[in-house]
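Student: So the chains spell out like this:
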Amino acid sequence: MDKRTEKIREIAKRLLSEDRVDVVLGYGPGTVPLRNAPLFARTPEEADKLIWDSNCRINLANFLPRTKERVAVLAKGCDARNIVNHVVEHQIKRDQVYIVGVPCQGMLDPEKVQQREGRFIESAVESDGDLTVSGPGFETTLKLADVLRQNCQTCVHRNPPVYDELVGEPVPEQTDIDRYADINDLLGKPDGERYAYFQNLVKDCIRCYACRDACPLCYCHVCFVDEHMPQWLGKSVDPHDVLTYHILRAFHCAGRCTDCGACEAACPVNIKLRQFTRLLEKDIQERYGYEAGMSLETLPPLTVYRPDDPQEFIK
Amino acid sequence: MADMILKKNALGDFLKSLSGSYETFGPKQEDGEVKFAPVDGEVLLDYQNSRLSPKNFFFPQSERMLEFSADPAAEDAFVMKERPAAKQARLLFGIRPCDAKAFAVLDKIYRNDQYTDNYWFDKREAATLIGLACNRPCATCFCTSVGCGPFHEEGLDVLAVDLGEDILLKPLTDKGQKALDAAGGLAAADGKAAASVEKLKGEAEAAIQSKVAVDKVAERSVMELYEADHWAKVAQRCLNCGVCTYVCPTCHCFDIQDEVSGTAGDRIRNWDSCMSWLFTMHGTGHNPRPDKTSRVRQRFMHKFKYIPLKRGGDIGCVGCGRCVAQCPVNIDVRDVVRDMNA
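So the sequences go chain by chain: A and B.
Counting along the first sequence from 1, when you hit position 120 you're at 119 in numbering that gives the first Met the number 0, and nothing is skipped either side.
Counting along the second sequence from 1, when you hit position 19 you're at 18 in numbering that gives the first Met the number 0, and nothing is skipped either side.
Calculated from the structure, these hints are not laboratory results.
Because the structure is a prediction, the values reported are computed rather than measured.
Built from N, CA and C at the ideal position, the CB exists for glycine as well.
Any given hint might turn out to be false.
[What the hints assert, rightly or not] Here are the in silico distance ranges between beta carbons for each label pair:
1) A:199 / B:28: 16 to 26 Å
2) B:29 / A:306: 51 to 61 Å
3) B:36 / A:140: 55 to 65 Å
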């Protein structure tokens, strides 16, 4: 068993038996390879089903807004930043949530595994940085590091900046990472090409809104796409409506997104949704020197006004 | 109608010979995933299933039903007019038996004792379906538990079976026979081919390890199932996104919207999802499915209780496993039905 799994169960059982929390939010085994399932443990027996592996892609901070219970949440670096966001945006009280931080070495991208293998994967087993996948008539071992999600490969906050308890020791942060190499390339292109790029990016979108529903930032009671009196956006797969949805959603995430990748993990048609959000993340960093969810004391720049706010981009 | 044999290396020619009479589509690899696309020769034979169901062919995600002028000065302002239906004969090669069975389920839903949905049937009836039997089912398949199977014929016009060197083509309807007649270049199948089909069918059925019992769901009352405790447990992690409903071959709900661009108006029907709160929102502000639990319950009750109740026992799920493979939080329909049947 993964050492972190053992430790997580121990912490969860302690928190539940000491009545410190009502529920521990973590991950349990999935029924298909390369996917696990959010698990709500309310008893020590249920806590024994918790696991930690490289498929903890769904961001559990998403389940916090509007909860009435006292919750402990397993949180990777990005997830913990989203919990901080929730506290700062008054979606949950700090003392209602117990952050069980998990220093993270990256989550894998099932599509990368699938594309490398190109075969029917029926089982996937992890051990010591390796991933052994097998199916009818084959078994191969891959290095986990080679099949990590892009957001994990370029992550610079693997350790939760805020937590109540840490599972194991912090991991070394990655340095010398150029998070925006591809975004900078895109920015160097003419407007028309950029527009075509984004249109092409969402050409397969089926408007299922899984990206929105998996995103911890999207906690609005009524999303703008569901506004109906009056209705703001068309419901069809008209390319303009589809692109409007994605662009507007990204703008709503500006200065709040932690690049956790839950949107991409949830998308059934593999849209690279982070191309929208990262562009804005870069803007916020450059203009306001702000990274989302790093501190409980700092407010997101787009929620406050300061006389010295940058304004050279307002035309 | 007699079974025919097509040499596998002549499949491209076979499909080309049909392209004169039909607009032909088949499974192809595009951007790393399997999609049904216009055929210009080769198609995939060794694939499990397309990521999205082929229901889009007869039930497009967005379909213009009527058109109108939104110019208030026009004599026919806001008068709905029918759009001419596209009647071109299409041929779909290589769809899986579960997806064809799903079409058969939808045929019954879109035509009942009172109404016929012409938007479904105009395209459905103009299409010829050559299904491809599943020699290698996926680990997520459970078709044999829900009245379907890897060699199921319902909803198809021709069943094709990959025999290795050859493809056996079994015509099932007059439409199917017509397509085979149009193609030509086929040889009559012998007893040996029939024996191979039986052997492959037995092996494929045996390979489906997922079994889901539904007998008790049929016996239980609607209210007993409706009020069961397990729905809250499923709902807990459900995101209420629409992935399961949109990848599902039998989910068929839609929303009708009028869209205007300048003075040109269209009445469009779009896929809709019972996972969305807006789906059941009344004009009064009342929502009969006000929470996640009632919405997630609806999807499973619809497939496994309400449809069987109304359609003589037929289950509204064909066991394709797409929702199992695609659910972001791994809600597995097989587990949900096990709870319903427990």
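Student: Does each hint fit the structure? Answer for all of them.
Tutor: Evaluation of the provided hints:
1. A:199 / B:28: 16 to 26 Å: Since the Cβ atoms of residue 199 of chain A and residue 28 of chain B sit about 18 Å apart, the hinted range of 16 to 26 Å holds.
2. B:29 / A:306: 51 to 61 Å: holds (53 Å)
3. B:36 / A:140: 55 to 65 Å: About 34 Å separates the Cβ atoms of residue 36 of chain B and residue 140 of chain A, which means 55 to 65 Å is violated.
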